[in-house]
Amino acid sequence: MQTRMRNMNSTRKSEFHTLMASLTLVALAALLTLGLPAARAQQDDEQKGIDEGNYNIKQSIEFGGRFTSVGGNFQTYDTFVNLQQGPRLLGFTMEMRSLDHHGTLFDSFYFSNFGYGGDPNMASRLRISKNKWYSFNALFRKDENFWDYSLQANPLNPTTPFANGPAGYAAPACTSCVLAESPHAFNTRRKLGDYNLLLLPQSRVRFRIGYSRNTMDGPVFSSIHQGTEQALFQDSSMTVNTYRLGVDFKMLPRTNISYDQIWNYYKGDTGTTDQNQNPLFQLSNGTPVDLGYSFNAGASQPCAGTFLATGFVNPTCSAYFSYQRDGRIRTNTPTEQISLQSNYWKDWDLSARATYSAGDMNVFGYDQTLFGRESRTNLRNDQINGPVEGRRVAATADFGVTWHITSKLNFIDSFHFNNWHDPAQFLSTECSFFSANLLTPANVFTPATTLPATCAAPTGTAAGTPVHTTSSGADVAVLLNSNFLKQDEKTNLAEFEYQFNSKMGVRLGYRFRHRAIADNFYSTTDEVFYPGPTPALAERGACALANGLLPTGCTLNGDGSVTFIVPASTPAPADVIFINEHAAVFGLWFRPTANWKISFDTELMSADNAFTRISPRESQEYRVRTKYKVTDWLNLNGSINIWEGRNNVFEVNNLQHNRAYGLSAMFQPTDKVGFEVGYDYNDVFSQILICITSSAVPAGPTTVGCAGLPGLLQELSVYTNTSSYGYFDASWTPIRRLTARLGANLTGTSGSALITITPNAPTGPLDSLYLQPFGGFDYHFGKGWTGKAYWGYYDYHEDSSNVPQDIFALRNFRANLVTLSLKYAF
Amino acid sequence: MHISGVRKSHLLPILAPLLLTLVTAAAATDKSKPDAQEKKYVRPTDASLYVGSETCKTCHEDMPSKGFYKTYEDSPHFVTTMDTKKGPEWHGCEACHGPGKAHVEGGGDKTKIFTFKNASAAEISARCLDCHQYGEEHSNFARSAHLQNNVGCTDCHDPHHAKESQFLMKEPQPLLCYGCHLDKKQQFNRPFHHRVNEGLVKCTDCHNPHGGFLSRQLRATGSQDLVCFKCHTDKAGPFVYEHEAVKIEGCVACHIPHGTSNPRLLKRAQVNLLCLECHSFNVDQGAPAIPTFHNQAQKYQACTLCHTQIHGSNASQFFFQ
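In order, the protein sequences belong to chains A and B. The opening residue of the first sequence carries number 0 in numbering that gives the first Met the number 0; numbering runs sequentially from there. The opening residue of the second sequence carries number 0 in numbering that gives the first Met the number 0; numbering runs sequentially from there.
Quick list of in silico lysine to aspartate or glutamate cross-link-like pairs, EDC-like style, CA-CA up to 20 Å:
(1) Lys201(B) / Asp142(A)
(2) Lys162(B) / Asp631(A)
(3) Lys56(B) / Asp157(B)
(4) Lys345(A) / Asp129(B)
(5) Lys141(A) / Asp204(B)
(6) Lys47(A) / Glu163(B)
(7) Lys345(A) / Asp412(A)
From the structure, some residues in chain A lie toward chain B, with a derived Cβ separation under 10 Å:
(8) Met121
(9) Asn342
(10) Arg352
(11) Cys690
(12) Ala706
(13) Leu745
(14) Leu765
(15) Tyr795
I should point out that these hints are in silico values taken from the structure, not numbers from a laboratory. Ideal Cβ positions, reconstructed from N, Cα and C, are used throughout, including at glycine.
Work out the full structure: start from the sequences and follow the hints.
Quick look at the structure:
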């Protein structure tokens, strides 16, 4: 597992001596270049281009390479930065403009690219237009998304050794128990393309055609809970195609009416398997098994006596031999949209939009097959398949109006309506087979009764009586689970806006928001419980005897099996939650001088209900922003953003705030020197009552139980996260040819959380530094030619809290990144 | 409305300088010059009032800066001079600055023509929107948070000296946005962030700076779902078993979309502390509490190790698969 992600990432990092050798070569090349007769250098910002035919053409290309040296945790570096060594097309732009604005095919052409050759982020932008006829925009982006932050989904296994365990798991310490990589890691590539064509842009009737494509694919590591937490490998694959046709009508004076038809097609084809049969974990017959991610000998995880005295895996443990899950998700969502903008009536500005969307979701060929063991139920083979289908129906309506009452007074109203519902159901057929342990194949019962589904016996099984436990599920089950979720939302914001003069304005308003949230559930059940190992064990699960009698719906069959049927019935009335929010909004802006702007706005909200415990019933937000151009060479910016919220009802006691204070200054005394510096302080706080169970917090005289939840204790979870961010960016052009730059982005985070309930948990990001200094220079050594050399340093450091497993899972890294390039522009 | 949770000490340093500046600004209002505010921009249609861009060029070819007229000639706005259907009030320099005849006859009298420098954001925007209002992108600007805070078109766009040719922006994103939204700059420099600084994602991919019908000027997908699902479509569903908070409260119920020091852009550094904030006590909304065997001192603190399909599942009510 430790090498799995390195093998996936084919570009590896060089040692620093390779970097030095490369720098030496570049330095020699630079010296040679400087020795050449040099034409007078051009400034970048005076790129005039060349006139060719009817076009002015400008191009630039920047080609170079990156050199990296990484120390520490490579996975964290790849997760945060992921800039690897190698040649790069750092940038290419081409711009063409018709000189007489009457080009043959186009009047304006713009094409730009960056990041090609191996950077994790790369993009191309294309814009072509011909006056009055068309405008075409294309954007293609590719994103390499590597993720392996070791604390994510990590069970934080202790180093308690396993008796009889293999090397690394046995005394003196289970060092192999500590997961230095995240069980949930991925290395995916996302490609996003957006293409839009506008025809006849200046005519009364315009046509729009759009296409977007979004794909994501790549390997993903995940897990599944089945007795223990087995490792899964997913070959993720997702594709979304969106088509858009639209038409704009400007037939009425100062009015535009648009119609859009949108089709969205989503395809999800991710396959899942279990490939973690660790050769260290074998049964006595030599078969390797996957014991999962959770190893805690003191807590009997994955099971009590995981390893026998022979060193083989205890065959009564939960484990997988194999696992497979597939299903083709297809979602088709057409949407119709009509919109209107008009200021036809004097003093009134109107805009409106209405949409209707009705999408269908289907999962074709859903199939889950597992072969292994779940010890609690004696499950050995299991197969689930069946159709999944759902809908998403959404209707929205928006209306906005500005009434210019006087030259200084406006009335503004915005109304938003959104009603959506998501019914979806899964009609599953499940066939289950049971045995006493991993070494013993399942026995297959031959029923005489009519079954709701036909189950094929897996290979290696034999006729006989299955070995169930009282916790075993049905042997054959056909289940229909249907869920419904809906939200109806109406929001109206009404404001008066008064502009005293060009220096000051104020607004005051009221917003009301009403939401109705409903969910419901419907199901049918048709199950058969086989007997075995005793006849009485057919009476289990939903058909466990109650006062010696079978429950309603259960029927004892002649062959000893029990059938349980829950017929279709009228669903109970839906649970509906109503939430009404009232908010006062106030804003003030003023401009004391032509070069100084200040704005202040606040929102005070109160609601009569909340959907989640962390949704505020009351909140206040205050925002102040100011921009001040003190002199031609000094600009100051400041902002304060305070958000406070609370849901401090009984058994919640939730208080939250997020406060950010920032200040920046930009000095530009001459066009040769510039300096920007800034600082931002962010303070996040939350407290809320939670119900937990933790062996680190045993029940005692000072603990409080959670009402109605026996076995759980009440704790006040307090979370703080304070972050200081400072930056500076200086540039200096001592001579016309040379521009030097030096800067840094520095973030320090500290905080606290209720980790006493999880003593193994490191503070992680709550005690971290992320430092990113950088520097470099541009040198214009010839007409259109610029040599660039930039250095970037990345230092991420979490202070260990001396938790044992963190010794093996430190997420710190330091990296030097040097980028050398040549740019030619004309 | 009772204000609580905000200590009075926070309000005073915020309000006091504001009130002081307000009084100063009110006192400093130039009462000698009547504010030339317009209720709405009404374009004069008398053709005799217009002189044409070539006339403007005679003085403004290199004024106020060298190559000034050339930059306008190279910009998309120049195409207005080639319009053959509309009157001169829609053409060239005078389409924005208004009729130029009085200005020319006055020897370049600045008071005889509209200048953007000292105009309010509302006045400036009214002129721009007279052409650009139609279309989903700009139709809500009059009600936008930007204009309501006196941020007008020319605070972000520069028709004459644009550094970013697309949309004639003063600065490229995100540098332009950081100029006012300083708190967002610090978020995007946190370890876990959307790739805005890297150039992969732009602020305008998620937000419409010209306003919209949704809060925070957020965009939406074509089917009016959360804008997050444009890229993260696999989380959109619909699912048989929904994680209801995702659909009802949105992705921001658990995530901080700009950037944070917490992995997966979560609001809390440890996943279990986030989950337990809702999954505690059996409240009406139905988020069940954890079972008693979920010992938080053991593997159960890694909620998503088992509950992997946390955004919704078609096969498991516990989001196991």
